[in-house]
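Peer 1: The chain contents come next:
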Amino acid sequence: MKLFWRLVFIAAVIVVGAWLWTVFFPAPEKVIRHRLEKLAADASFTSKQGNFSRLASGESVAGFFSTNIEINLNVPGHEQVAFASRTEITQYALVARERLKSLSVKFPDVNVTLAPDKKSAVADVTVDAAVSGQRDAIVQELKISFQKTQGDWLITRIETVRTLE
Amino acid sequence: MSAPIETTSPPRHGWLRIVAVGRNPRLTLVRILVLVAACFVVFKFILLPLRVSGISMEPTYHDRSINFLNRLAYLTHEPQRGDVVSIRYAGPHVTLMKRIVGLPGETIEFVNGKIFINGVPLAEPYEKNPCDWNLPPEKIGPDEYYVVGDNRTMPPDDHVHGRVERKRILGKVLR
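Sequence order for the protein chains is V and U.
Per the numbering used here, the first sequence runs over residues 30 to 194.
Per the numbering used here, the second sequence runs over residues 177 to 351.
Be careful, since some hints might not be right.
Derived pair list, reagent style DSBU-like, types lysine-lysine, alpha-carbon separation capped at 30 Å [to be verified]:
| hint | chain 1 | residue 1 | chain 2 | residue 2 |
| --- | --- | --- | --- | --- |
| 1 | V | K172 | U | K348 |
| 2 | U | K220 | V | K172 |
| 3 | U | K220 | V | K59 |
Listing some non-contacts, in silico: residues in chain U with all C-beta distances to chain V over 12 Å [stated by the list, open to error]:
| hint | residue |
| --- | --- |
| 4 | N246 |
| 5 | T283 |
| 6 | I293 |
| 7 | Y302 |
| 8 | D334 |
Because the hints were derived from the structure by calculation, they are not lab data.
Each residue gets a CB set at the ideal place from its N, CA and C atoms; glycine is no exception.
Starting from the given sequences, assemble the full structure and let the hints guide the process.
Peer 2: Written out as structure tokens, the structure is:
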């Protein structure tokens, strides 16, 4: 019986250890998913938010991107948008906060594929953006490329995926 | 002399207890567990509940209505013309709901709002609203289907429609 309880204790220690390992050293896929969740939260804003809060979240959006970026968003029914620098992203985020009452961004589906060298990754995501005053939400599939730079997973490229040809 | 006969009367339970856990609590627990497991399997993998968002399938499916997606519909046969299907983006949580009007290998075109398949007009009893779309002939690939919504009152550029790969079709939407 003593042996049984020892085995139970060892198994519990292994399980807790494995859990703690994933908490302190998360897998790159998990880190990227978390980054996307944060990006969605920072890109979103409500009419109740104060100007200072809106400004801060608008400026923080650029922090998710690398200095060299290539973003081409071509959503059917909307104007094509392209960015080549962090400054352009910040400006666009701030202009959006001025023009729109609220914006809610979500990534309901995220599939992350890590490169063999584990220094880059591609996330195939569905973006669901609800804009105030628009009846239908903007739903689009995107391919987001990440590069690990100084310990951070930064976005280097975003391209739209055409679900229907 | 005959042996005494023991009679056992059923245990008397309170009516509230019978309503709450049944005459046999263990059996009730097993029933509940089986029911929960069955619901989980059915509504997670077979009949997926979905909420319609938008007006592109009016008047067949209304905005904010609740429906179910049959994920086993195409196990034994391929999608058919007229089927309303769910089309995935990156995953199954947000999908497109459209009707299949063109099958693999066919040529489709819109002339004054009427669909022509290989030059023959397509009867669409579900199409209730007038439409004036004119789109040039388009060849559908061998592993593709042409999908469009039932509500074509808006210009074609504002309505998501076109060729979709078979692998993106998740299942058939129940009516």
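Peer 1: Identify every previously stated hint that the structure contradicts and give their numbers, smallest first.
Peer 2: The structure breaks only hint 8.
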